[in-house]
Every structure is written in structure tokens, then in C-alpha cells.
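Heads up: the sequence lines are chains A and B, in that order. For this note's numbering, add 1 to where a residue sits in the first sequence, where the first one is 1. For this note's numbering, add 1 to where a residue sits in the second sequence, where the first one is 1.
It is worth saying that the hints were derived from the structure and are not from the lab. Cβ atoms here follow ideal geometry from the backbone N, Cα and C, with glycine treated the same way. One thing to keep in mind: the hints can contain errors.
What the hints assert, rightly or not - Covered, in the sense of this in silico footprint (three residues per stretch, anywhere, with C-beta under 8 angstroms from a C-beta of chain A), are these stretches of chain B: (1) 260 to 272; (2) 293 to 307; (3) 357 to 370.
Number of protein chains: 2
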Amino acid sequence: MARLIRWATDGAWFASPGLPQIHLTPADLIECAPSQFDPASGQRRAALLDLPQAPVLTGAEQTAEGWRFAVNSDGQIALRAADLAAYLDPAPIAPPRRLWLKEDEADTGKVDYQAYASDEQFRRAVLARVARQGWALLSGVPTRPDAVEDVVRRFGFIRETNYGRTFAVRSAPAASNLAFTDAGLAPHSDNPYRDPVPGLQLLHCLVDASMGGETRLVDGFAAAEALHAADPGGFAVLAATPVHFAWGDGANALQTALPVITLDTGGEIAAIRFNHRAFKAIAAPPEQRTRWRAAYRALAALIEAPETGATFRLGAGDLVIMDNTRVLHGRRAFTDDPGADKRGGGRHLVGAYADRDGLLSALAVLTGAEADRRLARIEALFASPAMDEAYGEALSIREHMLQTAALADEAELAPALVAAALLHDAGWALDGGAAAHEHSGADWLEDTFGSAVSEPVRLHVATKRYLVACEPDYAARLSAASVATLAQQGGPMTEGEAAAFAAMPGFAGAVHLRRCDDAAKEPARPAPGFADYRPLLRRLIAAHLNG
Amino acid sequence: MARLIRWATDGAWFASPGLPQIHLTPADLIECAPSQFDPASGQRRAALLDLPQAPVLTGAEQTAEGWRFAVNSDGQIALRAADLAAYLDPAPIAPPRRLWLKEDEADTGKVDYQAYASDEQFRRAVLARVARQGWALLSGVPTRPDAVEDVVRRFGFIRETNYGRTFAVRSAPAASNLAFTDAGLAPHSDNPYRDPVPGLQLLHCLVDASMGGETRLVDGFAAAEALHAADPGGFAVLAATPVHFAWGDGANALQTALPVITLDTGGEIAAIRFNHRAFKAIAAPPEQRTRWRAAYRALAALIEAPETGATFRLGAGDLVIMDNTRVLHGRRAFTDDPGADKRGGGRHLVGAYADRDGLLSALAVLTGAEADRRLARIEALFASPAMDEAYGEALSIREHMLQTAALADEAELAPALVAAALLHDAGWALDGGAAAHEHSGADWLEDTFGSAVSEPVRLHVATKRYLVACEPDYAARLSAASVATLAQQGGPMTEGEAAAFAAMPGFAGAVHLRRCDDAAKEPARPAPGFADYRPLLRRLIAAHLNG
Numbered sequence: 002m003a004r005l006i007r008w009a010t011d012g013a014w015f016a017s018p019g020l021p022q023i024h025l026t027p028a029d030l031i032e033c034a035p036s037q038f039d040p041a042s043g044q045r046r047a048a049l050l051d052l053p054q055a056p057v058l059t060g061a062e063q064t065a066e067g068w069r070f071a072v073n074s075d076g077q078i079a080l081r082a083a084d085l086a087a088y089l090d091p092a093p094i095a096p097p098r099r100l101w102l103k104e105d106e107a108d109t110g111k112v113d114y115q116a117y118a119s120d121e122q123f124r125r126a127v128l129a130r131v132a133r134q135g136w137a138l139l140s141g142v143p144t145r146p147d148a149v150e151d152v153v154r155r156f157g158f159i160r161e162t163n164y165g166r167t168f169a170v171r172s173a174p175a176a177s178n179l180a181f182t183d184a185g186l187a188p189h190s191d192n193p194y195r196d197p198v199p200g201l202q203l204l205h206c207l208v209d210a211s212m213g214g215e216t217r218l219v220d221g222f223a224a225a226e227a228l229h230a231a232d233p234g235g236f237a238v239l240a241a242t243p244v245h246f247a248w249g250d251g252a253n254a255l256q257t258a259l260p261v262i263t264l265d266t267g268g269e270i271a272a273i274r275f276n277h278r279a280f281k282a283i284a285a286p287p288e289q290r291t292r293w294r295a296a297y298r299a300l301a302a303l304i305e306a307p308e309t310g311a312t313f314r315l316g317a318g319d320l321v322i323m324d325n326t327r328v329l330h331g332r333r334a335f336t337d338d339p340g341a342d343k344r345g346g347g348r349h350l351v352g353a354y355a356d357r358d359g360l361l362s363a364l365a366v367l368t369g370a371e372a373d374r375r376l377a378r379i380e381a382l383f384a385s386p387a388m389d390e391a392y393g394e395a396l397s398i399r400e401h402m403l404q405t406a407a408l409a410d411e412a413e414l415a416p417a418l419v420a421a422a423l424l425h426d427a428g429w430a431l432d433g434g435a436a437a438h439e440h441s442g443a444d445w446l447e448d449t450f451g452s453a454v455s456e457p458v459r460l461h462v463a464t465k466r467y468l469v470a471c472e473p474d475y476a477a478r479l480s481a482a483s484v485a486t487l488a489q490q491g492g493p494m495t496e497g498e499a500a501a502f503a504a505m506p507g508f509a510g511a512v513h514l515r516r517c518d519d520a521a522k523e524p525a526r527p528a529p530g531f532a533d534y535r536p537l538l539r540r541l542i543a544a545h546l547n548g
Numbered sequence: 002m003a004r005l006i007r008w009a010t011d012g013a014w015f016a017s018p019g020l021p022q023i024h025l026t027p028a029d030l031i032e033c034a035p036s037q038f039d040p041a042s043g044q045r046r047a048a049l050l051d052l053p054q055a056p057v058l059t060g061a062e063q064t065a066e067g068w069r070f071a072v073n074s075d076g077q078i079a080l081r082a083a084d085l086a087a088y089l090d091p092a093p094i095a096p097p098r099r100l101w102l103k104e105d106e107a108d109t110g111k112v113d114y115q116a117y118a119s120d121e122q123f124r125r126a127v128l129a130r131v132a133r134q135g136w137a138l139l140s141g142v143p144t145r146p147d148a149v150e151d152v153v154r155r156f157g158f159i160r161e162t163n164y165g166r167t168f169a170v171r172s173a174p175a176a177s178n179l180a181f182t183d184a185g186l187a188p189h190s191d192n193p194y195r196d197p198v199p200g201l202q203l204l205h206c207l208v209d210a211s212m213g214g215e216t217r218l219v220d221g222f223a224a225a226e227a228l229h230a231a232d233p234g235g236f237a238v239l240a241a242t243p244v245h246f247a248w249g250d251g252a253n254a255l256q257t258a259l260p261v262i263t264l265d266t267g268g269e270i271a272a273i274r275f276n277h278r279a280f281k282a283i284a285a286p287p288e289q290r291t292r293w294r295a296a297y298r299a300l301a302a303l304i305e306a307p308e309t310g311a312t313f314r315l316g317a318g319d320l321v322i323m324d325n326t327r328v329l330h331g332r333r334a335f336t337d338d339p340g341a342d343k344r345g346g347g348r349h350l351v352g353a354y355a356d357r358d359g360l361l362s363a364l365a366v367l368t369g370a371e372a373d374r375r376l377a378r379i380e381a382l383f384a385s386p387a388m389d390e391a392y393g394e395a396l397s398i399r400e401h402m403l404q405t406a407a408l409a410d411e412a413e414l415a416p417a418l419v420a421a422a423l424l425h426d427a428g429w430a431l432d433g434g435a436a437a438h439e440h441s442g443a444d445w446l447e448d449t450f451g452s453a454v455s456e457p458v459r460l461h462v463a464t465k466r467y468l469v470a471c472e473p474d475y476a477a478r479l480s481a482a483s484v485a486t487l488a489q490q491g492g493p494m495t496e497g498e499a500a501a502f503a504a505m506p507g508f509a510g511a512v513h514l515r516r517c518d519d520a521a522k523e524p525a526r527p528a529p530g531f532a533d534y535r536p537l538l539r540r541l542i543a544a545h546l547n548g
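The shape of chain A in the complex, shown without the other chains (with noise of 0.2 angstroms):
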């Protein structure tokens, strides 16, 4: 990926397929430069003042392995494209947010415990609904007290507290603490007098409570937001504004001055506080208290609302994880059986702290591996003897496929539309060139992109139809080879099928493909090979896996 398009002494001016023009200053390119890292640990070596301070780029050479630039005419840096790609494009830290503020907004699917701990696609699946939704569910996860720690293990480590390792959440007389009473609990999140946080928190069930005791998880972040969009000035006050939380317990002392919505540098919300069982003062003078206490009225109220989040019971086995950071948790007042103190019995779950960058990492460990595996899968499937056939036109499918993605890349074509561009053809080496090509790629595209990749390559024949009946001189522009094909696919749609599928949502972007797909059939024209598009396909794939 990424053309070198031209340079100058201020710099180098990069072009990759599905991103905008980007240009690197010198410095970014000896930033970038594999030279700088150490081969074994991936660390970067070089001192930070050893290197130019206003370095001047003076020669740039495209090589057989990406690039070499002169640096204040000595120094050389020698670029690989994946050098280049991991600098202009890291991986997202964490899949993109789904905010729900009710129940169907959830899914709230569970998965087994057996299948979390064996297979590394339901694991997977797992962590990236907790880093989506903020939370997820287990099932039938042992009932032994310390199974939630090879819950935990399997994406990180416990965050040890004063509570323990892990922590009973039974009701107990004269408690330390309100969770560990009978007492029904509003949406929370735990520890806000803790700095840091802990990141998650798991919930294991072992015994279900005889009544009540249900449990009920609200996305703080998009209670948050709708604040934000009811009253942004109130969503600022609680931003700004740092609260006291504490709790004690003679041998703990625990405090925070922090404020109940923390913003990025970005002003994007980063986490939220929110615990009025451990809110001790605002810290704040008279007037913004004031305002303070109406804007979290406001939060608590959007959060208490009872259409607002999901409830529902844990039984004995179930596991819940969730961002302690977004997802507040409650349960109703529980009785327990009358006779379950004595039996050692009644509503006992087992809570557990752990980190958000230890889940993440392994996600990304996990997305990374399956992502290069569809990746590979699809390399094989473009480098297969199929792909060499060129079905009535002058060049192979996979030459034409490659500069249909030239094409679709020239034409700033979104990122999906131009990886569609690149493997519509991809069906010719599924079913040996049956009729419906289009569908055999799409079907088998779908699993690896999902519909944005998959939808535009399933239009792609539908699309020279309704071009053939909606515009008068397409057909004349036509390849011999695909006026041949097009009696078999339908021919021309009809007036009626023609304004149907001009109302599709995918039209506009099926239509750009098929310009590039039509035009892309000159044996001579060059094209950028399957590797430039590697990393293209690799985000796409990841984004699908765990968007």
C-alpha cells in the first residue's frame, strides 16, 4: 500500500488505497523507520536527542521493498510499506462503541463458559461485546467460589483490592458495606473512590436469591449522552466539576476528587463515576454545587428511568463482566430463604476486579490471528489458477480485478467499495464460472467483511443490467465478453425492476464499482498488486470481527 506520489525537502506525500493523501515530514519518516527499533523487543533503540532536530529531505528512491529516503543528505532511511501503514494507521485501540440506552438496544446474548474457555472465536466474541457494549454474559460457568478467576485469566489478571482477590457479595448484618446486605442497589459503578478505577468488574452467581435480587445494567455512557443532548450545559458541569467519593473501614481510607463524566483530550467521554452510596461532597463553591446537583439529578433520573436499561436475573452459573468504567450495575431487594443463613446458604455471588487493557490486548491478539487467517484465505483464493482465466477479455480475472480496485482507489471510492473492487470477481474461482458469480463471491465474502464488502460485489451483475436498460449508449460500451454474459444474467431490467433497485440503499456505491469493473479490462494498464491492498483488507476484516 501507500504510492509514493512525489516529495519535497519538507517532506514525502503518501497514497493508499481507502485513505486521504497523507504527508509524512521528515521527521515522521525517521520516526517510522525500522532502524530506529530493536529487532527482538519491537522497541524503539534510538535516543530521542540523538536524532536530527530539523532534518531537510534531500533524495527519495522507490526500492524493490518500499522506499529509501536521504535525510540533511547522509542519513538513510529505508521504508517498508508496512512500516509506513503501521505509522499512518495504527490498529484501533478498542472496536468502536455501540451505545444502548434500553434493553432491545442490547444484545444480550450469553455464551457458554465451555466455549468462552476452548474456543478462541466465542472468546473473542466475548471480549468484543464487553468493549462494544460494555458488557457480556456467561453461562454455566462452575459454581466453585473461584472460577471467576479463570474467567479473569483467560484475557488478564485480577486487580487485587481491600475486598480480596475476589469478594462474596452476600448479605451479611451489620455490613462494611450496602452491597453486602439484602438492600437493593440503584446503577452504580464500584470503587469510585479508587484511583485508579477498577477497569471491569465480574459478577459470579453461585446461589440465586429465593425472591428479587435482579439485576439491572445501564450504559452510562449513553445515559451520558443523552444528558449531553438534553442539557449540554449541565453535561459540562459534571465534566468539570471533581466530586468527593470515599470509604472507610478503620483499616482503609479511601478517597478521590474526581468528577462524575471524565472527558478525552478529544472532549469524548473516557468514563463515568457514579455512585451515590460513596458521594460525599462536591467540591465546588456554592453556585456550581447548585448547578452540579441538577445536572446529576438529571443523569440519575435518565438512569433510573425504569425504560432504561436492561434487567434480568442472574442463576447460579451465570457471569456477568462489565466496564466498570461505562456500565452501571444494580439489582433489586433480595429475600433469601428463611432458613438459608443458618444453612450457610441464600443469594451468594462472587465479584472480582480486573483491568480494561489487559481484555483489549487480548482481543487484539485474537482479532489480529483470525484476521490474518480470512486474510490468507482470500490471498490463496486471488493467487488460485482460477484467477488466471480471463473469460472472453483480453486480460486474467485477476488482472481485471486489480485495476478495477486501481480505479475504484483512483476514484476515492470508500474503503469497502474498494476492497469490493478488488475481489468481485472473486465467485469465477468458487463455482468455476457458473451463472451466478456474483452470489458465490457476495455468499462467501460475507462471512470475512460482512455486507459492505460483500452487498456491493452481490449488485455488481444486477448493476449492468439496470445500466443496460437505464442509460442509451451503456451497452455499446460494453466488452464483447460481457454483452455475451448478459442474456444469461437476465438481460436488461425492466422499468419496474429498474426503479426498485435505484431505491436501494447500496445503489450509488453499486454504480461507481461498475464504471471501474467496465473500464478496468486494458491488458496493458499497470496496477498495485495484491500486497498494497493487505493492510486495506486486514482493517476491514478485524473491523468486521468485532464490530
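Fit chain B to the given chain A structure using the hints.
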């Protein structure tokens, strides 16, 4: 403490020794009422949305225990002085930071491990030093690989990471991290690719290198403040620009996108992430990248300047505790004994991570317990029969000191001077009325409060001698008893003594205090009791303990 000054429908106004007058709205009063809290856990029990939305104060009366307020004509709020104190003035989360840019600004005292482990005062001193200066040093830690866990257990919990609960820092071939080689490392913070980053790092030396390997610590906050002073724009760019940090080894793919300098909601430095080895790319447009790079380089130049920081050698048994959100650590390259590898020898440190909140909680518990012990000693002295004596005045020493404190408070003297006023004649109870009661009192108070309280006490007699010499009508206003003691105390100062006295740093405060002292001799004047000063005294003691 906290006298109720007046009330209206929109709240109540309180004044308390050493604090500015404060207005609590009806919502504030409800919020700090003990009825809001569960007596066993100390947590808020009242549901947020059940609180009255726009409460109005309809009544207020002082009671023996504190105050009683009526809200919305019905709700009764009983408030003890202590409830109000905790709301108005929560204990500070951490002692104030002492920044140190150069070695001579850092106190490098080591504490023996046995003292740390077995004596709460030594342990408190070590933890307070980490909170204040960002690091502390222990010696004599048993050279077992797991001894670092014993150090952590005294204040918190190990933060386990991919490197283990603890990890060996020694030179290995083809290491997955440059820390595990013999290379020199520029000062850096650890694990910037983790979020949350481990808040504390411990490094325990089991075997020293035969040559090199010196540890270098730099206060990253002091360096960042120096950058702020020299280039506020550069500082702002570092605080506003997220940077990609990453590290991976096949089983891990850790990544963050966070700024080098993290600010809190008040714009103060909250954390620094500085690790060029793990720095990948700047998440910003080219122009901002260039500005960022210049600021990053300027910060690095400050950090790496030879005159910055503290350099020392960790010998076997030494252990350093560092605040990894603040203090950067580096090492010189080292050489092991050539035979070291074969013997399993060579430089060998054991590292571990932990969290700051546990340390600050342990420190708060230790500080609170010690402050309570010291306050009890002060209170016992104040209640001792010697304080019933009048020494020639028409009221007891105890009544005289309470009046002096009340006058100091009304004159809005600094908190330490109010405390000095309350305790200025404590020496009478210590030496039974010997001539130098100001010195015996000051000596006794110095250990508890430090010089801010003890030195005004020490000067209160000399100030009388000064005023007699320099203020024509002062002597005439003195009480008979005070005139009687003047001769014993050395009589009026000479001109030379008076000039030297007036040039002393505490002169103005001493004169203010003396005026209160002289006026506090009216038997009928009511004054707040000792209990009203407890929060003030406790805060001054705690500040001295950790300051």
C-alpha cells in the same frame, strides 16, 4: 468548630476557626446530615431521587450536639459539628507535592526495612515521602526474589501484569523488552501502553552490577513545570495531543493513545507518560506533530540534562518505591562480571507494580491514627489541673487560652496562629510555672505541630518585652500579673534587641498573637470550647506529619 452565624431560606452561614465563613445551601445541609448515611458502612443510604428537589430552610436552632434545621416545613436535619467539618473540609487525599528538579532538592534518606515493616511511624514517613516527593528508598530488604511482595503488602496490593506479579530485571539475550538487557535506559515511566498505567513501581536490588547500572530518577512533574515556565504553548501541546504508545510480544498487543502530560479538571498536572522506547506515533495532523515534537524534545532535554534528577547506586538489599505517574527512572548501561551468566549471577533487580490509591489510603490511616494520638495528648494537657491555675489573673490559664484563641480567630489570623493562641501557655502545665514556660511549651508543641505553631508560642514573652520597649503606652495596659513577671523575663528589650527582634520572620504574627494574649483576660467573656478547635488542630497535626 463552625459556629452558626445566621440562616435564611436559602441556607445557613457558618464560621469556624482557621476557615473562611461558608454558606451551606439547604441541599448541602441535607447532604451532610447523618441520617443520609448507613451507620454500619458509613455509606449514603438515601436514594438520590428521593431527596427534595428544591429544598427551603424553614427553621434552625442550636442544640447541645450541634444544630437542628427544618427543611420544607417538615424534614428535620440534625447536624453535629463533625458532620459539617467532614463536608466543609474533607481531609486532603494526599500530602502536598514537593517538586524537585535537582538532586539537592530531593531528600535521599533511606529507611531500614525492619523499621518500615515493624514501626508505623517509619512506615508513615516512607509512604508520605512517596506521596510528596514521588519516591522513597528502603535498605536492608532481604535479598529474596519475593521480598518485594512483603513491601507492597504493607500498603496495598500487587498490580499483576503480563510481566508477572513480580519480574526479574536482568540482562538476557534477544529480550522482549530493552529493560531486560544491559543497555542504558533514559529516564522513563513504565508501561505507558497500559491504561490505567501502574501507579507505583518498586525495584529491589538482589545483586548489583560489577560496573555501571546506576539508577537515575527525575521528577517528571518538576520537569513538566519547568517546560511550562519556559514554553507554555509547548506544554499545552503535550497535554492536548494523544500519542500512540504500544508494546507487544505475540501474546500481548497493548496500546494506548494518551497525552504525555495529563491534566486534571483544574488544569494541574495529574500524570506524565514519558517513554520513548514505547512511543509509536503522534495522533495529530502534520503541523501539530511538528509542534508536539519540538515540545517533546524540550521536555526530554530538561529530563536528560546532567544536572537534573538524582543518581545513585542500588546496592544489594536496597529497594526504591516510585510513583510511576510522576517520577521517571533510568539507568546507566552496566557490565556484569564476565563469569556472571554461568553462575546465574550478574545484576539482578526484582520489579513489581502496585497502585497509588492503596498507598494513599494506608498513609491516611496511619496519619489519622497518629494525629488522633497527638491530639489526645494535647487535649489531656489542656484538661490537666495545672490549667485551672490563674497565676495572678482573674481567670484560669485554660479560660485565658480559649479567649486568646477566640480573639485570634475573630482577627482572622492564620490557622497555625489560632492554634498557637489556644496553646501559648501550655508550658505552665509542663514546668509548673518556671520562668521559661514559653520555651517548655514551644519545645513540647514543636514535635506535634512543627515550627508554624511552636515558634509563635516561643516568642510570646519576648514580644511583650519588645512592645514594652517600643510602644510608649503598652506597659500601662498590661495586667498586674504580666507586669510582675516582666522583670523575671528580662525586662524591656534594649534598642539593639528590639531591632533584631523586629527583623525576625515571625515578628508580625507574634505581635498579632500578643495583642490577643493581652486582651484575653476578662473573666466574663464567653469563648468557644476546646472541642471547637479539634478539626483545626487535627488538620495542622496531619499537615505537619506528612508535610
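Violations among the numbered hints: none
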